[in-house]
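Generate the whole structure from the sequences, applying the supplied hints.
Which chain is which? The protein sequence lines are A and B, in order.
When you line the first sequence up against the numbering used here, it's residues 1 to 191, in that order.
When you line the second sequence up against the numbering used here, it's residues 1 to 351, in that order.
Misleading hints may appear alongside valid ones.
[As the list claims (entries may be wrong)] Simulated crosslink set (DMTMM-like; lysine to aspartate or glutamate; CA at most 25 Å straight-line):
id: 1; chain 1: B; residue 1: K109; chain 2: A; residue 2: E32
id: 2; chain 1: B; residue 1: K109; chain 2: A; residue 2: E87
id: 3; chain 1: B; residue 1: K109; chain 2: A; residue 2: D105
id: 4; chain 1: A; residue 1: K101; chain 2: B; residue 2: D166
Hints were generated in silico from the structure; no laboratory data involved.
Keep in mind it's a predicted model, so treat the numbers as computed, not measured.
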Amino acid sequence: MRRMICLLLALLPAILTGCQSARRIETASVIENVSVQRRGGALCYTFYLLSDSEKPDSVTVCAPSFEQARTLAERSYIPHMTLAKLELLLIEEEVRQDVMKGDIDYIATQASFSPQAHIALCDEKTLLRLQREAAAQSLIERQIDLLREEHPQVKSDCLSVFNSYARGESFEVPLITCDRELRVSLVRNAP
Amino acid sequence: MKQEVPFSSKRFLLTLTLCACAVILLQNHDLSRALSFPLALGAVAAGLIVCFLLFLPAVWLKKRWDSDVLTLVQSRGRAAQGMVAVIYSAYFLYVAAYFLLPYTDMFCKKYYTETNPCPVAFLLLACCVYAASKGANVITRFGIFLFVLAMVTNFMMFGGSLSSLDMHNGSLGWQGNPADFGNHVIYFVTPCFIAALFACLSGDATRFRVHQIVTALGLTGVKYALVLFFLTFAAGEYAARQAYETFVLSRVAHFGDYAGVESLYMALATMSVFMIISLLLCGVTKAWHCGGNLWVLALLTGLVFALQLWAVSNDAIRELFTRPLLLIALTLITAAVIPLLVGWGERRRHA
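Have a look at this one:
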């Protein structure tokens, strides 16, 4: 009898793996990067999916905030979207005042988001390059890391940006610009 | 009835330390905002001093008669024995549900958001039944393994959070109001449930010294202080935005390309809750003198599971299992009042 119970308990983990609703990695919609910019007067969020193709797979949704863009994207375009692996949030410089504080505040309430996700401002050309080239994201992240080594005071992740906003202080964030090459500089953000 | 194998007191206190540390692993208490860091440390110290005081009656029994409250009460007649067994069983089942509830809640909120907490609780309790059937000696041996895992997890969690340290996130002054300080002290008295475990299971522990308790509470204090420090200065207000603040620390940990040690954190929390419930079940079976009986253990665990189901479906009941003050009041009865009464009775009998 005891052996039977032990055998049943040993078999349970094999049955209850939690994989019933799992998706294969190649069919999962893992979001690596999100950018926000203004297009024709409306705020548009672009969700870049993890893929191995040279041109990135992306979905653009127009919504007034990250939260609503996420809901809309999940409902209409990417039903099994996961943002747990989000590595970079790029905000076009001219929409910074409209979205940055609210979006970071929303991200801070979400258990699934990484507090270490990079945050940076950028220009329009950078966003165009990001839409054309899959390698652009890792280049941007490398530039941010280099900037952080040179200027440790820079706030380049969700955690430090949120805490700076919470303290009500001005802080410096990375600004990515693209002429021929990607460049990174510092820009001061007022509270 | 299976005879309990004696075990080393050092190992037992190490196990109790890990149980006490689990309180802060499972917390969803607001720790980072209400008080400045030095005052929060003061609250930790005050809380652990109260815990130490609650240990004293059981220490007296152990030192004077080398026994525990459940063993000593056996000579006081069947009625007294039955009453003490009922009180301790009710208390241990309450504490088991008290820790199971935040654990399943954290598991479902932080890890698998679409999971039903009941299967998680059921599987954990099934493992606890098996561990409790093997006795406290085996569980304390498991404590050594868990201690190693706790060291690795804490090293990674705090080491990885060093790069996020920002002293502007918190204050080194003495800001805070007395009400917040009082709330913090009450919260940090919560680990006193280990005093009740000690009062019931210490009879089989060998080579006991009082300094082992001081060391156990000291280690718990160091762990609490480190969590508070990193919560305040590394996670800051970000942690305060989320339920289960301490869990955020495992996500803030960062080593180059490698970020987050949530799996290790969750494993540590799971094993700590497993150890707490297993020890509590050992206490209940000792109270009824049926150590190792799988059917009795299954029945007791069924009661814990029923409490868990009740608390999940009823918010008023859930409230009962989230109030540290109630836990402390019940611990005061089981860790101090009953051992003192039993001790005085024993002294009069021998006088």
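Would you check the hint for K101/A and D166/B, treating anything up to 25 Å between C-alpha atoms as holding?
holds, 20 Å
Please work out if K109/B and E87/A have their alpha carbons no farther apart than 25 Å.
holds, 22 Å
Taking only the CA atoms, is the gap from K109/B to D105/A under or equal to 25 Å?
holds, 19 Å
Is K109/B close enough to E32/A, meaning Cα to Cα at most 25 Å?
At roughly 22 Å apart (the allowed maximum being 25 Å), E32/A and K109/B satisfy the hint.
Violated hints are absent here; each numbered hint is respected by the structure.
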